[in-house]
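Asks: Sequence:
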Amino acid sequence: MLLDDLKFPLCSPIIPEIKSDANCKLASVLVVIYGNSPKVIMTEKPKSMKLHAGEISFPGGKLDANDSNLLETALRETREEIGLVISKDQVVGQLDPVITLNSGFLILPFVAILDEIPPLISNSEVEKILYIPLNSLLKTITKDSDPNHNLISEMYTFEYQDQIVWGASARILKQIKSSLNS
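Residue numbers are given in our numbering: position 150 of the sequence shown equals residue 777, and the series is strictly consecutive.
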C-alpha cells in the first residue's frame, strides 16, 4: 500500500462540528498517516494519567473554549502533544464520530496524509510516540472478546508489538480499514 493509495478512500468533506447531548464531552483526534511505506502516528499515554492511563491513542483531546471547532482542537492537541504542526489544508477528511465507554467523550476523528514528518517531541501527556506501519497494524484486527467492551457496538482490537489498541482508537482504525477495503 502506497501513500497515494490512501488519499482517495480517506478523503471526505470536513464538517468540524457535531451535535452532542449533555452526557458527552466533545473531543477530536488527528490520524496522521505519512511516508512512502505509510505509517500512522499513535501515542502511549502515561500510566499516571487520570483518564486513559497507559492506553494507545491518536493525538487529540477535548474541545477547549478557545477552539472555534473540533478541527482546531485536533490540530492544537497534535501540536501540543507531539510537536507536529499541521495546517487545515493538510487534513484530507474525517471519519464517523466514536464514543468512549469509560470517560464519556464523543470524539470526531480527522485524517491528515503527509509525505514526511519532522522529528517529533512528546509533552507530559505522552509517554511514547509510536510510528506504526499502517498495513501491518490493520492486518492484526480481531474482535474484542471482553464483554464489557461490547456495550455500545461491536468492538475490535489491533496489536502492535506487545501493545493492544482497543476502544475508541480501535473503532477509528476499523473505519480506516473499512474505507481502504471498499
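It is possible that part of the hints are untrue.
To be verified - DEER-style ranges, computed between Cβ atoms:
no., residue 1, residue 2, range
1, L629, N650, 36 to 46 Å
2, L807, N696, 38 to 48 Å
3, E671, P745, 32 to 42 Å
4, D723, N650, 29 to 39 Å
5, N762, N693, 34 to 44 Å
The set of hints was computed from the structure by calculation and includes no laboratory data.
Each residue gets a CB set at the ideal place from its N, CA and C atoms; glycine is no exception.
Asks: Next step is simple, just say for each hint if it's right about the structure.
Replies: Outcome of the hint check:
1. L629 to N650: 36 to 46 Å: For L629 and N650 the Cβ distance comes to about 42 Å; the hint holds.
2. L807 to N696: 38 to 48 Å: violated (27 Å)
3. E671 to P745: 32 to 42 Å: violated (20 Å)
4. D723 to N650: 29 to 39 Å: Given range 29 to 39 Å: violated, Cβ gap about 19 Å.
5. N762 to N693: 34 to 44 Å: holds (37 Å)
Comparing the model with each earlier hint shows violations of hints 2, 3 and 4; every other hint is respected.
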